[in-house]
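Mind docking chain Z on chain F? Use the hints.
Protein chains: 2
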Amino acid sequence: MDSDYGVPRELSEVQQKRTLYQPELPPCLQGTTVRVEYGDVAIAADPAGAHVISHAYPHTYGQPLAHFLRKAANVPDAKVISEHPAVRVGIVFCGRQSPGGHNVIWGLHEAIKAHNANSKLIGFLGGTDGLLAQKTLEITNEVLSSYKNQGGYDMLGRTKDQIRTTEQVNGAMATCQALKLDALVIIGGVTSNTDAAQLAETFAEAKCATKVVGVPVTLNGDLKNQFVETTVGFDTICKVNSQLISNMCTDALSAEKYYYFIRMMGRKASHVALECALQSHPNMVILGEEVAASKLTIFDITKQICDAVQARAEKDKNHGVILIPEGLVESIPELYALLQEINGLHGKGVSVENISSQLSPWASALFEFLPQFIRQQLLLRPESDDSAQLSQIETEKLLAQLVETEMNKRLKEGTYKGKKFNAICHFFGYQARGAMPSKFDCDYAYVLGHVCYHILAAGLNGYMATVTNLKSPLNKWRCGAAPISSMMTVKGWSRGPATTQIGKPAVHMASVDLRGKAYE
Amino acid sequence: MDSDYGVPRELSEVQQKRTLYQPELPPCLQGTTVRVEYGDVAIAADPAGAHVISHAYPHTYGQPLAHFLRKAANVPDAKVISEHPAVRVGIVFCGRQSPGGHNVIWGLHEAIKAHNANSKLIGFLGGTDGLLAQKTLEITNEVLSSYKNQGGYDMLGRTKDQIRTTEQVNGAMATCQALKLDALVIIGGVTSNTDAAQLAETFAEAKCATKVVGVPVTLNGDLKNQFVETTVGFDTICKVNSQLISNMCTDALSAEKYYYFIRMMGRKASHVALECALQSHPNMVILGEEVAASKLTIFDITKQICDAVQARAEKDKNHGVILIPEGLVESIPELYALLQEINGLHGKGVSVENISSQLSPWASALFEFLPQFIRQQLLLRPESDDSAQLSQIETEKLLAQLVETEMNKRLKEGTYKGKKFNAICHFFGYQARGAMPSKFDCDYAYVLGHVCYHILAAGLNGYMATVTNLKSPLNKWRCGAAPISSMMTVKGWSRGPATTQIGKPAVHMASVDLRGKAYE
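Here the protein sequences line up with chains F and Z, keeping their order.
If you're matching positions, the first sequence starts at 1 in full-length UniProt numbering and goes up one per residue.
If you're matching positions, the second sequence starts at 1 in full-length UniProt numbering and goes up one per residue.
Chain F extracted, bound-state conformation (with noise of 0.2 Å):
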């Protein structure tokens, strides 16, 4: 499975096959004149925060949203060399690796040789690592061949995820401006957006040339706003995970003695769990957004679940799956208040040996009373996003212990006359995230890289690439750009309980809206 960076690798039969197709391109980014046209000017959804957004993205907010259209017939295709000068494009993964990533190069290294074939696309090594120290590798032919329409991203590696202090910042620049690039293209979710957002600000205000653009790829679907629709690699987890998940709901049928609690990888929104809900038919699904709406406590979760199983039992059935998002953790008010003061300490330096004494009282209650495994979980350090290790603490644990506790309770009390309770756990994520992207990925990331380069040849920057009406066929795709900072929104954040301040404006996670279709 090991592989050095531009070495061409040994491929399986099926690996070899997947090489073979060749995506194609909606008809407005055919030819090699393709037509920008400019519209509005993109407002944030927010207005609120539109005021404190545009202070903090003076070069960079109130752009106007861009169009790229099939040129006018009359127009003659132009004369590549000439009329298209070279350019040089540094690329870089950022974040959780996602299925259909390799594909944005592929399409953005056509794209840029279609122009000229002088111009050169320049791969970050092991993610922003190599960004900050100049590690890089020149996309050729020859290094993509083999990682065309292929999961993961292993073409280039990715490591540390941010760019975001001003060390980082600075780093950034000066390997764009020791390495000349005309723009740098970043492959991520919401944070590395934002990151981007904020590199493309620092950069028109330092007069440094290179342009910086975004790309929506993401397995945790949790990248949608006015302008994007869905990021690249969720339909490839939610298909691979929903699989998965009809193999579960074969066994726990065939073996009927278990339930099994599957926690979905996808951070904290719903969209993953929601999603292979709906192509699996599990018996239960828990989404953080209702959790979180209807101020549900762990006890209230335990109880609907112990319901459902109760009522279940006196079907005859002793079995079931429960879907569990990867972050509901922080959608339950009294955890997401307690890992709050965790992390309030965690920021004023608070050793993890003393962060359980230095807690409030109902806080340190609420902490005792959890199971050992959960409480060394959520004392993890956070995240560079503030956010809990959502990965590492074991919610479906927790709860599968805590029916499990309820369960034995009613039987004795004779409340509950079903067979005795019994739950198997599982994360399911990495077993996806690596997995070989499907068609609709293969097709929106490559087409995505394309659309970068129009970006970056219009001289935009802070523009995220974004592909709709994603639902119609491809020839009816449509391509364009709208600048990061409009996706943005201005958050309350605390540390701790007592002290609340303004966030920085942010690209946030899109929720699962409880009003929209996909949840009824």
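Hint data in this document are derived by calculation from the structure and do not stem from the laboratory.
Heads up, a few of these hints could be off.
The calculated lysine-lysine pairs, modelled on BS3-like cross-linking and capped at a C-alpha distance of 25 Å, are [to be verified]: (1) Lys397/Z / Lys295/Z; (2) Lys135/Z / Lys419/F; (3) Lys491/Z / Lys348/Z; (4) Lys257/F / Lys397/F; (5) Lys476/Z / Lys317/Z; (6) Lys420/Z / Lys135/F; (7) Lys471/F / Lys491/F; (8) Lys348/F / Lys120/F; (9) Lys120/Z / Lys135/Z; (10) Lys239/Z / Lys239/F; (11) Lys439/Z / Lys476/Z; (12) Lys135/Z / Lys315/F; (13) Lys419/Z / Lys135/F; (14) Lys417/F / Lys135/Z; (15) Lys17/F / Lys239/F; (16) Lys17/Z / Lys17/F; (17) Lys439/F / Lys17/Z; (18) Lys239/Z / Lys476/Z; (19) Lys476/F / Lys491/F; (20) Lys348/Z / Lys135/F; (21) Lys348/Z / Lys239/F; (22) Lys135/F / Lys439/Z; (23) Lys148/F / Lys476/Z; (24) Lys17/F / Lys113/Z; (25) Lys135/F / Lys257/Z; (26) Lys120/F / Lys180/F; (27) Lys135/Z / Lys317/F; (28) Lys148/F / Lys239/Z; (29) Lys135/Z / Lys420/F; (30) Lys397/F / Lys317/F; (31) Lys317/Z / Lys148/F; (32) Lys417/Z / Lys317/Z; (33) Lys135/F / Lys207/F; (34) Lys317/F / Lys409/F; (35) Lys439/Z / Lys17/F; (36) Lys417/Z / Lys439/F.
This is chain Z only, laid out in the frame that chain F set:
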């Protein structure tokens, strides 16, 4: 995902397409006149055990092998109704569900009805529970229609798996007599087929007219011997798991910061882990058979992994995938001895809370050294076959924790200069167990179902259906039957270190052959 037995269920598009696939029959089983030829008397593989076995199975040991052959060219096909008597046959799923199980029932139903339309096939609902409670469902084309080529055991379900105590054996006999069964077909792995042999012997002894037939169906792939090449489900499980492991390899290579420790369902033998390693090329696979043969301690294994991690770090590789068989813990000498002591104390009726205080000094020292989570798991009551609850013992977490501790120590001492070691643990099995069967498993199970009919039509008792030459195309497959008792061996076993006694003969799991081709 719920179904009520016997009611046609809704299928997905893929499932619907699968029901249309019609497996073929090898030439020897085509037509309605199959010739039975008897071979040598089948002798136990272990001559030393033959005496013990023949003593335990006086009515069923020492029977000849049976071969099912194409009728001679000059013999006309039998006239269906007149020449083949109507039969009543019961069938039951035992043990872990394994992909392809449904096709055994389909094949048997086809064969039965082709030979006499008045014959009846009766399925027991909920596995052996249904067998003892006479909960039945008549198998019809309608019942079968939505389960052809599908995964799981959900057409009939399964719960408890043993038919072993006198009470259970008598209960099974009462059912067979009440339902006037000519034969009972048992679908399962090593323990269920051992039960089948015992049932056959008891029935013969009691002059019960029901013949007992076993079918080799288990995902573990550990029912292998001179007569059985592989089991139904093993091919699917290895393919599905290998796909997931390949995803993990891609993922590890992309993130470049994790070691994935993946424990593979498959009980104590390492067949699944080995086959998946061959298909998916992880960085390391630990085989229980190797560990046992070299008498490696948990510390030896930890050191081996640490050395590999260190060597990889020197090549700037800080990631990897390590496969571990489900039941590795039983192959590690000191842990196995500890488990045996615990098992012995369980057998003496010592309560779980008191076991640790009654361990011998050396066992107690080892026990106290182990992390809390694994101690609890080791104390779980053993399964019905006296083995530990292998699925529950998270050896992968134990190893990951020991490796992490050691790598941190080496980092501190300066002997290891790589990045901080990060492990993420997985148990792969449930995801694949309910998977849709591979073409091979569909075909193999269907043919075995047909073979079952010919065994019972020949009036054989205590035989297992066998198909050999499986690596050749289906039209070269050879069909036959072998007495289950001839597959038995006799092992010494112990309850606690002080007492060793000769065990009952049983079909034992086959270990990975360390001199075999696959291992090389």
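Each hint, compared with the structure:
1. Lys397/Z / Lys295/Z: holds (21 Å)
2. Lys135/Z / Lys419/F: holds (18 Å)
3. Lys491/Z / Lys348/Z: Given that 25 Å is the threshold and the Cα spacing comes to 22 Å, the pair holds.
4. Lys257/F / Lys397/F: Holds - the C-alpha atoms of Lys397/F and Lys257/F are around 17 Å apart, at most 25 Å.
5. Lys476/Z / Lys317/Z: violated (47 Å)
6. Lys420/Z / Lys135/F: holds (21 Å)
7. Lys471/F / Lys491/F: violated (31 Å)
8. Lys348/F / Lys120/F: violated (46 Å)
9. Lys120/Z / Lys135/Z: Distance ~16 Å between Lys120/Z and Lys135/Z Cα, so the pair holds.
10. Lys239/Z / Lys239/F: holds (18 Å)
11. Lys439/Z / Lys476/Z: Since the Cα atoms of Lys439/Z and Lys476/Z sit roughly 17 Å apart, the hinted pair holds (cutoff 25 Å).
12. Lys135/Z / Lys315/F: Satisfied, since the Cα-Cα distance of roughly 16 Å is no more than 25 Å.
13. Lys419/Z / Lys135/F: holds (18 Å)
14. Lys417/F / Lys135/Z: holds (20 Å)
15. Lys17/F / Lys239/F: holds (20 Å)
16. Lys17/Z / Lys17/F: holds (24 Å)
17. Lys439/F / Lys17/Z: holds (21 Å)
18. Lys239/Z / Lys476/Z: holds (24 Å)
19. Lys476/F / Lys491/F: violated (36 Å)
20. Lys348/Z / Lys135/F: Violated, because 65 Å separates the two Cα atoms, which is more than 25 Å.
21. Lys348/Z / Lys239/F: violated (50 Å)
22. Lys135/F / Lys439/Z: violated (47 Å)
23. Lys148/F / Lys476/Z: violated (40 Å)
24. Lys17/F / Lys113/Z: violated (43 Å)
25. Lys135/F / Lys257/Z: Satisfied, since the Cα-Cα distance of roughly 17 Å is no more than 25 Å.
26. Lys120/F / Lys180/F: holds (11 Å)
27. Lys135/Z / Lys317/F: Holds: Lys135/Z and Lys317/F sit about 16 Å apart, inside 25 Å.
28. Lys148/F / Lys239/Z: holds (23 Å)
29. Lys135/Z / Lys420/F: holds (21 Å)
30. Lys397/F / Lys317/F: Holds, at roughly 22 Å.
31. Lys317/Z / Lys148/F: holds (24 Å)
32. Lys417/Z / Lys317/Z: holds (12 Å)
33. Lys135/F / Lys207/F: holds (24 Å)
34. Lys317/F / Lys409/F: With a Cα-Cα distance of about 19 Å, the restraint between Lys317/F and Lys409/F holds, given a limit of 25 Å.
35. Lys439/Z / Lys17/F: holds (21 Å)
36. Lys417/Z / Lys439/F: violated (42 Å)
Consistency with the previously given hints fails for numbers 5, 7, 8, 19, 20, 21, 22, 23, 24 and 36, ordered from lowest to highest.
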